[in-house]
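Work the whole structure out from these sequences, hints included.
Protein sequence lines correspond, in order, to chains C and D.
For the first sequence, position 30 (counting from the first letter as 1) is numbered 30 according to this note's numbering, and the numbering increases by one without interruption.
For the second sequence, position 94 (counting from the first letter as 1) is numbered 94 according to this note's numbering, and the numbering increases by one without interruption.
Treat the hints with care, since some could be wrong.
If several chains are the same, the list does not tell them apart, and a pair holds so long as it fits within one copy or across any two.
Here are the simulated DMTMM-like pairs of lysine to aspartate or glutamate, each with C-alpha atoms no more than 20 Å apart in a straight line [unchecked claim]:
no.	residue 1	residue 2
1	93	133
2	196	508
3	454	334
4	247	73
5	93	508
6	93	394
7	333	110
8	388	165
9	126	57
10	344	334
11	502	62
12	502	518
13	126	56
14	253	480
These are computed hints drawn from the structure, not numbers from a lab.
Number of protein chains: 2
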Amino acid sequence: MKTKNILRLAMAQINTCVGDFPGNTRKIISAIDQARKAGCDIITFPELSICGYPPEDLLFKDSFIQENLRRLDEIRKITTQLVAIVGFVDKHKRRLFNSAAIISEQKIIDIYHKIHLPNYGVFDEKRYFTSGEGFSLYELSGIRFGVNICEDIWIEDGVIRAQAEAGASLILTINASPYHMGKIHLRQRVLKEQAKKNKVFVLYTNLVGGQDELVFDGQGMLLSDKGRVAASAFAFKEDLRIVDIAKNKLPKKQKAERARLISIDGQKREDFPKPLISVQPPKLEPVEEVFLALVLGTQDYLRKNGFQKAVLGLSGGIDSSLVAAIAAEALGKENVTGIILPSKFNSPESFDDAAALANNLRIEHKVISIQEIFQAYLKIMEPHFLGKPWNVAEENLQARIRGNILMALSNKFGWLVLTTGNKSEMSVGYATLYGDMAGGFAVIKDVPKTLVYKLAEFYNQKSAWEVIPRRIFEKAPTAELKENQKDADTLPEYAILDPVLKYYVEQDLSVSEIIKKDFSKAPRLRRGDRQSHKPAGSGLPSDRQSHKGEVLKAVRMVDKSEYKRRQSPPGIKITPRAFGRDRRMPITNRFNEAVI
Amino acid sequence: MKTKNILRLAMAQINTCVGDFPGNTRKIISAIDQARKAGCDIITFPELSICGYPPEDLLFKDSFIQENLRRLDEIRKITTQLVAIVGFVDKHKRRLFNSAAIISEQKIIDIYHKIHLPNYGVFDEKRYFTSGEGFSLYELSGIRFGVNICEDIWIEDGVIRAQAEAGASLILTINASPYHMGKIHLRQRVLKEQAKKNKVFVLYTNLVGGQDELVFDGQGMLLSDKGRVAASAFAFKEDLRIVDIAKNKLPKKQKAERARLISIDGQKREDFPKPLISVQPPKLEPVEEVFLALVLGTQDYLRKNGFQKAVLGLSGGIDSSLVAAIAAEALGKENVTGIILPSKFNSPESFDDAAALANNLRIEHKVISIQEIFQAYLKIMEPHFLGKPWNVAEENLQARIRGNILMALSNKFGWLVLTTGNKSEMSVGYATLYGDMAGGFAVIKDVPKTLVYKLAEFYNQKSAWEVIPRRIFEKAPTAELKENQKDADTLPEYAILDPVLKYYVEQDLSVSEIIKKDFSKAPRLRRGDRQSHKPAGSGLPSDRQSHKGEVLKAVRMVDKSEYKRRQSPPGIKITPRAFGRDRRMPITNRFNEAVI
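Right, here's the structure in full:
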């Protein structure tokens with residue numbers, strides 16, 4: 001059975017948890033055992049797999065670093081008959097390095113220090129780590145390979161080129177590359193180019209799982225030196241993906257001149273198991289990809305923080321309906337409770353839709369009217385409001401009573417409150433602090449409203465029936481905090497707003513650049529999404545002039561609501577730029593492009 | 001009158017606002033005018049004075065950068081008869097530089113790019129800027145000087161040494177150095193060493209004012225080449241400090257060999273006004289310094305965000321009393337409203353103390369009972385609580401009703417809600433999300449409880465009478481959310497807790513290191529601060545064993561409440577490490593030192 005012409009690699013795409021040293025170590029050791037049994041020559045793990053990623057300021061605790069080193073030693077001791085590449089934090093003279101240990105026969109034969117440290121977007125690696133200054137190559141049964149870490153492979157003419165030029169025919173890159181929509185295409189493009197240009201095979205191992213606002217999507221892969229994706233691991237789940245490379249397929253290279261070459265003894269075993277026939281991961285459509293990201297992000301946030309059950313308010317609108325569906329998918333329908341919290345401003349249709357949704361999802365639901373409590377507040381506040389007219393104070397009170405009730409259930413039963421606000425609302429501050437923003441996790445915080453509809457459609461298609469009732473798609477979005485209120489009274493149409501927000505929040509375009517954009521192709525998603533209170537004919541702005549007003553208004557609202565976002569619960573990043581660590585704006589900010 | 005033997009320098013310690021280009025430019029131009037009239041040879045401004053500091057991700061907007069360049073040009077045009085050193089953002093080939101413009105006679109004669117970029121603590125400068133690669137020296141009427149920026153001067157054997165060796169006898173350093181307790185001593189120590197070691201005079205110009213969580217304290221100074229503080233600017237207020245240096249006092253240096261030397265024509269005017277007799281800033285005691293930082297931080301957060309008035313809940317406890325006093329000092333007593341929000345669990349003493357405080361401060365106060373609303377909630381929730389016993393759900397409801405009422409007043413009248421939680425509570429999560437944590441600004445968020453008492457004492461001393469009633473100091477701290485509740489039922493004694501938190505949160509000591517610390521010297525601040533429910537004798541832990549339990553408990557509580565802190569309002573940093581940008585901890589974190 002044994003064939004010496006095959007190099008067998010295992011990509012251990014594991015779901016680690018930050019700070020869970022026992023759990024992460026257990027997963028690593030178990031994967032090594034499995035790979036050994038499968039006759040693998042090499043196994044690779046994600047970046048910082050021992051401590052989890054990103055550990056943030058835990059890295060400043062020496063006890064954290066020491067525990068990570070003790071766990072590395074534990075892994076070292078059980079590593080026999082194959083080579084393991086394990087991500088960990090190395091420490092030298094008070095400096096920290098984002099590192100990969102190369103372990104063979106119970107010895108750490110080398111340590112690679114990440115050279116290119118990302119310090120943009122959600123990344124702060126220069127806050128913690130010192131850059132590595134070089135690399136060795138390794139020779140195993142005649143094959144020469146190099147190891148590097150994440151950002152290293154994104155840099156053109158960087159480490160990978162140096163490793164290829166020094167004689168590597170295979171690059172093992174270990175990663176913790178967070179998901180956003182379309183990231184896989186970006187990654188594949190870069191990896192294909194790097195593999196082709198440098199004439200190397202590339203084994204790309206990625207982390208999978210949710211960590212606070214980030215979801216890591218896995219989707220590890222093997223690329224040939226022709227830039228072909230030769231194998232892929234699953235998206236959004238763990239995978240121990242084993243791939244064989246015929247040694248004669250690996251490009252012939254000159255002997256390493258510029259790099260230290262470390263020889264590793266290959267495994268001596270005679271048995272060589274047959275290749276496993278593994279299930280090929282399906283190709284995902286963009287909306288399905290986002291759906292899976294939201295499910296995994298929600299699941300992991302609860303699980304890793306010790307929660308089993310979640311509760312959320314059901315308004316009968318599209319946002320809370322989608323969040324309920326995601327929660328049921330992530331946690332199981334028996335672990336989700338929906339609360340309908342009507343006031344006199346809620347239409348009977350809203351109530352019916354919310355109840356229908358809960359029944360369709362087969363989640364438990366309760367009805368708790370807020371009207372009586374609201375009256376109690378109004379009575380108590382009346383002398384202090386000094387006859388001032390109804391305004392946002394009364395509107396917000398209703399949202400806050402709902403928030404209080406959900407939090408009371410959370411405090412009484414240990415359920416996590418899921419909030420249901422979307423990115424369009426979060427952007428312009430169309431949400432009530434301590435009201436609908438009150439909760440532990442904001443599932444669709446980074447999902448624009450127009451994408452919310454698409455995700456809901458996807459969910460219904462996937463379920464093969466209208467779990468989310470059709471009427472919820474068709475009615476005009478409303479907060480129902482006063483008579484006949486519609487989102488469109490306050491906000492630009494979502495079909496205009498969402499692209500404006502994308503240009504402004506995600507792409508930093510100036511107001512004048514945004515005004516010049518063509519919004520005529522922005523599809524109006526549904527009938528309800530229009531300014532229903534305006535006279536017929538003015539519903540769809542048709543010229544630049546009217547967009548200008550909407551752009552200025554949206555931008556102004558974004559700038560003015562930074563203080564709200566700063567107090568919002570964490571939620572899953574699915575766009576290239578989410579609010580949070582990804583976009584660090586001052587609250588105190590008088591920059592006002594609208595008047596420049 | 002004219003004496004050619006004097007170099008006259010102006011330190012423009014101005015209070016800029018991030019993004020306020022018109023306002024910042026106006027201040028800069030006005031200071032240049034004043035300095036010109038005072039016959040100054042050189043005027044210096046703080047780091048990034050045109051755009052304000054720190055601009056954070058506004059720097060990614062090209063419109064922001066362009067506006068900053070337009071304003072620089074405006075300043076250039078009015079700069080005559082003296083040399084102005086102005087902080088701004090320079091851009092070259094898509095790279096940004098934290099820069100100083102050297103302007104003379106309407107020309108930008110040189111631009112210095114900051115070389116050392118801080119990327120620790122609250123700083124993210126490597127996220128935005130590229131490091132500069134060199135410097136020029138400047139010669140003005142026979143004096144050779146160099147310019148550098150903030151972090152540059154903290155680096156031993158860095159820029160300042162190179163500038164001195166290249167022939168500079170005077171260094172102008174422009175800064176945005178945020179305050180924390182004792183920072184001035186640290187700064188003076190470093191500056192004295194640098195001045196002495198490199199045999200240069202150093203003019204240190206610092207920003208003043210609040211920006212979100214940071215307060216810049218000003219306290220600019222001139223140091224002689226002997227390391228003596230020859231002049232100081234005010235703490236926590238604007239100052240145009242003019243200092244004369246006798247040219248023959250400046251150290252003689254060799255001609256610059258390694259650096260480009262730019263000659264500047266000195267002013268041609270014949271008149272040379274007499275030196276101004278300026279008021280010397282008083283020396284501040286540490287507690288006074290913190291008090292002033294809190295006042296300025298509060299004042300600027302409101303003013304720069306367009307608020308005139310503030311509202312807060314008065315419980316009759318020390319925290320809300322101190323915050324009310326700070327608010328009255330910062331905003332004027334006519335701009336502060338205190339709300340007393342009693343329930344049946346509040347003692348009559350609490351009520352009386354809160355009312356007495358409001359009267360003593362001469363701030364308006366209102367009484368709004370929460371009891372009726374609380375009953376309404378209990379009634380509505382009763383069937384849903386399923387007979388479960390009273391727990392934190394009912395306690396938090398009360399805090400949340402109070403939060404709602406304050407927010408309703410905020411929404412109705414446009415007042416900013418100030419929260420009153422201290423750092424000890426925020427550390428261990430002894431606070432209610434959306435309850436007492438609800439508000440726009442958390443004045444004493446970074447002030448440990450033991451320091452709260454000291455600040456309150458300081459305030460009474462400063463006022464020369466007991467504005468904060470004595471009983472408020474003497475009673476045991478309590479949240480009054482159930483019968484006979486005391487903080488000490490839940491928390492370790494503050495005299496133990498505060499040092500534990502300092503070791504753990506600010507210094508990253510491990511649990512085992514903290515347990516070894518000697519807490520016997522930790523002074524018990526006041527009678528109330530003890531575990532009043534325990535039998536006599538066990539109030540003050542007297543051996544290591546009992547501290548171990550308290551340390552483990554405190555650490556565990558800190559780790560478990562990260563999610564609460566993530567949703568807290570901003571507040572003023574006054575310690576070496578505040579929560580927020582300064583300490584970036586994951587919420588999802590299974591690292592648990594207590595069991596290792």
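For each hint, the structure was consulted:
Only within a single protomer do residue 93 and residue 133 lie at most 20 Å apart by alpha-carbon distance; the minimum there is 15 Å, versus 27 Å between protomers. Taking the closest pair of Cα atoms, residue 196 and residue 508 never come within 20 Å of each other, the shortest separation being 33 Å inside a single copy and 46 Å across copies. Proximity of residue 454 to residue 334 under the C-alpha cut-off of 20 Å is found in neither arrangement, the shortest distances being 26 Å within a copy and 52 Å between copies. Proximity of residue 247 and residue 73 under a CA criterion of 20 Å is satisfied in neither setting, with 31 Å inside one chain copy and 64 Å between copies.
When the C-alpha separation of residue 93 and residue 508 is checked against a cutoff of 20 Å, the pair qualifies only between copies, where the shortest distance is 18 Å, while the shortest distance within a copy is 41 Å. Proximity of residue 93 to residue 394 under the C-alpha cut-off of 20 Å is found in neither arrangement, the shortest distances being 59 Å within a copy and 52 Å between copies. When the C-alpha separation of residue 333 and residue 110 is checked against a cutoff of 20 Å, the pair qualifies neither within a copy, at 48 Å, nor between copies, at 67 Å. Neither within a single protomer nor between protomers do residue 388 and residue 165 lie at most 20 Å apart by alpha-carbon distance, with minima of 76 Å and 69 Å respectively.
For the identical chains of this complex, residue 126 and residue 57 are neighbours both inside a copy (12 Å) and across copies (17 Å), given an alpha-carbon limit of 20 Å. In this assembly of identical chains, the alpha carbons of residue 344 and residue 334 never lie at most 20 Å apart, being 30 Å within a copy and 38 Å across copies at closest. Taking the shortest alpha-carbon separations for residue 502 and residue 62, only the inter-copy value of 16 Å comes in at or below 20 Å, while the best intra-copy value is 41 Å. With identical chains, the CA atoms of residue 502 and residue 518 are at most 20 Å apart within one copy only, with a shortest distance of 14 Å there and 55 Å across copies.
For a Cα distance limit of 20 Å, the shortest separation of residue 126 from residue 56 qualifies both inside one copy, at 11 Å, and across copies, at 16 Å. For the homomeric pair residue 253 and residue 480, neither the shortest alpha-carbon distance inside one copy (69 Å) nor that between copies (75 Å) is at most 20 Å.
The structure fails to meet hints 2, 3, 4, 6, 7, 8, 10 and 14 from the earlier list, while all remaining hints are met.
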